[in-house]
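Turn these sequences into a full structure, and let the hints steer you where they fit.
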Amino acid sequence: MILHVRWYGVRYIHDIISKKVENKSGVYVIACLNKERMIFFPYFTGETENLRKKALEHLSDYEENNCIKEKLTGQCYFQFAYIQNEEERKGAARHLYNKYNPQCNTSIPDAKPLEFNLDN
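Here the sequence shown is numbered in our numbering, starting from 148 and rising by one per residue.
Rather than coming from a laboratory, the hints here were simulated on the basis of the structure. Just so we're clear, the structure is a prediction, and the values are computed from it rather than from any experiment. Among the hints, erroneous ones may be present.
With a straight-line cut-off of 25 Å between C-alpha atoms, the simulated BS3-like cross-links for lysine-lysine are [to be verified]:
| # | residue 1 | residue 2 |
| --- | --- | --- |
| 1 | K246 | K259 |
| 2 | K171 | K246 |
| 3 | K167 | K216 |
Beta-carbon label-pair distances, calculated as ranges [claimed, not checked]:
| # | residue 1 | residue 2 | range |
| --- | --- | --- | --- |
| 4 | K182 | E234 | 37 to 47 Å |
| 5 | I149 | Y209 | 16 to 26 Å |
| 6 | M185 | Y209 | 26 to 36 Å |
Where is the CB? At the ideal position from N, CA and C, for every residue including glycine.
Below is the structure:
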């Protein structure tokens, strides 16, 4: 089974996140400009019960992941899909991790990968 989701993307700026990202569960990708290659590259993937809250936490002074802190000083986008079901969300997060092997992730999601669309 392939799960089909609708993807959204916004500039990773506090005011935009606050207005455009809902307090809903889902999966997300933090993609930032790689200046050497001039492309946006996925540096972190994750899942959460509250996308807006998690996105804003990454921007806060309390972010513990130094890799994320460093990347978010550049031009970044927050790409996300709403997924309510916890099992599907965790499986989708594992699929994202397997696909992108993001350098800022510090652990592998503990779930069976669930294949789903990576674009609209």
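Structure-based check of all given hints:
no. : hint                    : result
1   : K246 / K259             : 13 Å, holds
2   : K171 / K246             : 24 Å, holds
3   : K167 / K216             : 22 Å, holds
4   : K182 / E234: 37 to 47 Å : 38 Å, holds
5   : I149 / Y209: 16 to 26 Å : 37 Å, violated
6   : M185 / Y209: 26 to 36 Å : 32 Å, holds
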